[in-house]
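One line per chain: the protein sequences are A and B, in this order. Counted the way our numbering counts, the first sequence spans residues 1 to 216. Counted the way our numbering counts, the second sequence spans residues 1 to 216.
None of these hints come from the bench; they were simulated from the model. You may find that some hints are simply not true.
Since the list can't tell identical chains apart, any single copy or any two copies may satisfy a pair.
With a cut-off of at most 25 Å between alpha-carbon atoms, the simulated DSS-like pairs for lysine-lysine come out as follows [stated by the list, open to error]:
id, residue 1, residue 2
1, 198, 173
2, 173, 204
3, 74, 214
4, 198, 20
Every value quoted in this text rests on a predicted model; they were computed, and no experiment measured them.
There are 2 protein chains.
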Amino acid sequence: MQPVPPAQLLAALNWRYATKNFDAARRIPDDVWAALEETLVLTPSSFGLQPYRFLVVQDPAMRAKLLTHSWRQKQVVEASHYVVLAARTSMDEAAIDTFLQRTCEVRGVTRESLAGYRGMMTGMLLSAGFQPQVPHWAAHQAYIALGNLMTAAAMLGVDACPMEGLVPADYDKVLGLEGSGFGTVVACALGYRTASDKYATLPKVRFPAGELVKHI
Amino acid sequence: MQPVPPAQLLAALNWRYATKNFDAARRIPDDVWAALEETLVLTPSSFGLQPYRFLVVQDPAMRAKLLTHSWRQKQVVEASHYVVLAARTSMDEAAIDTFLQRTCEVRGVTRESLAGYRGMMTGMLLSAGFQPQVPHWAAHQAYIALGNLMTAAAMLGVDACPMEGLVPADYDKVLGLEGSGFGTVVACALGYRTASDKYATLPKVRFPAGELVKHI
Chain A
1 MQPVPPAQLL AALNWRYATK NFDAARRIPD DVWAALEETL VLTPSSFGLQ
51 PYRFLVVQDP AMRAKLLTHS WRQKQVVEAS HYVVLAARTS MDEAAIDTFL
101 QRTCEVRGVT RESLAGYRGM MTGMLLSAGF QPQVPHWAAH QAYIALGNLM
151 TAAAMLGVDA CPMEGLVPAD YDKVLGLEGS GFGTVVACAL GYRTASDKYA
201 TLPKVRFPAG ELVKHI
Chain B
1 MQPVPPAQLL AALNWRYATK NFDAARRIPD DVWAALEETL VLTPSSFGLQ
51 PYRFLVVQDP AMRAKLLTHS WRQKQVVEAS HYVVLAARTS MDEAAIDTFL
101 QRTCEVRGVT RESLAGYRGM MTGMLLSAGF QPQVPHWAAH QAYIALGNLM
151 TAAAMLGVDA CPMEGLVPAD YDKVLGLEGS GFGTVVACAL GYRTASDKYA
201 TLPKVRFPAG ELVKHI
């Protein structure tokens with residue numbers, strides 16, 4: 001593990017912007033894209049439960065359908081890659097047990113050794129009080145993945161645009177998510193900016209650091 | 001802007017884990033911490049509105065108070081730095097206009113030139129239908145910041161632990177956020193792992209990539 005110098009990190013974060021015009025002719029190389037998918041997989045999540053799925057939509061016909069449910073933002077069809085982040089709409093014992101089974105496989109431990117962990121998860125997530133919060137809790141984890149993805153993309157020199165301007169229910173229909181236990185939360189277009197995207201060179205608007213960050 | 005090789009990114013993301021035991025004697029150097037605060041400031045957000053605040057809690061007495069509202073997770077007091085991410089609990093015209101004023105200052109444009117942008121933001125965020133969603137919308141942006149922060153920390157070789165196990169209302173009281181228009185969403189402890197943290201070397205549990213990522 002080789003840390004990057006702070007200046008290199010900040011240069012990447014200052015370089016990134018919400019890309020409006022993607023070069024539709026330029027594709028993310030396979031090895032770079034594979035790293036971005038692995039980035040999504042490696043996202044930290046609550047209890048490690050990974051209550052999300054990532055749909056990489058590359059079929060042009062499917063992208064054209066999604067465009068009509070995305071306020072006609074053309075990044076949907078012009079970006080090299082388009083990822084829809086979906087999150088669980090509910091949680092049940094089966095979802096928790098599937099995860100615990102995976103934990104046993106990966107770590108070579110017994111189910112019995114995870115009883116305390118299971119109790120903590122079911123106690124919180126399946127409680128009557130928390131059940132209405134589950135979609136929010138799951139969406140939060142998807143947003144961690146989005147933040148992780150955008151920062152990772154910038155580090156790799158890949159442009160990105162977060163896409164909140166979409167109609168989740170319509171996406172769910174187009175993507176066949178209805179009844180799957182997962183629902184569309186947000187999306188992200190990735191690829192490379194065109195030289196003519198005027199947003200690339202606009203100064204970033206941020207509140208002064210002294211307003212955004214308070215020291216206590 | 002110097003991209004990192006994909007293997008370097010993945011090494012950092014595999015190196016990171018939700019740190020349980022921080023070395024309480026080891027502090028993040030000032031230049032590295034400054035870069036992480038700048039990372040938070042540079043977080044992408046919906047419309048660029050930055051509907052969050054970041055509270056860096058370094059006062060030991062304040063940390064001790066927060067510990068009692070954090071399921072006694074000792075990262076709260078042992079980590080080098082502790083950031084509470086708060087998000088707007090409501091949105092009004094004043095918040096939008098403050099942001100537009102800042103845009104004028106930073107970009108040297110007139111308020112009139114931003115009329116369309118203003119209409120888009122007020123039309124969505126201040127609509128009766130969306131108002132109950134505002135706290136969720138704002139929390140989502142705070143979670144982007146959290147994802148950004150954790151990935152940036154890993155790139156810099158800084159350990160982190162996302163802290164969802166806290167009582168937001170109690171944090172708000174301790175931090176004086178009540179009535180401020182912002183409420184605690186989540187926190188993040190940052191610093192350096194101890195050599196004895198057994199979680200550091202456990203294999204990461206992730207569902208197979210073929211389950212988490214679907215190609216369409």
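Using 25 Å as the alpha-carbon threshold, which applies to residue 198 and residue 20: within, between, both, or neither?
-> within (9 Å within a copy, 45 Å between copies)
Given identical chains, is residue 198 near residue 173, meaning Cα to Cα at most 25 Å, within a copy, between copies, both, or neither?
-> Answer is neither; intra-copy 34 Å and inter-copy 44 Å both fail.
Can you tell me if residue 74 and residue 214 fall within 25 Å by alpha carbon in one copy, between copies, both or neither?
-> For residue 74 and residue 214, the Cα distance is within 25 Å only across copies (22 Å; inside one copy 38 Å).
For the identical chains here, do residue 173 and residue 204 meet the 25 Å Cα criterion within one copy, between copies, both, or neither?
-> neither (36 Å within a copy, 33 Å between copies)
Violated hints, in rising order: 1 and 2; the structure is consistent with all others.
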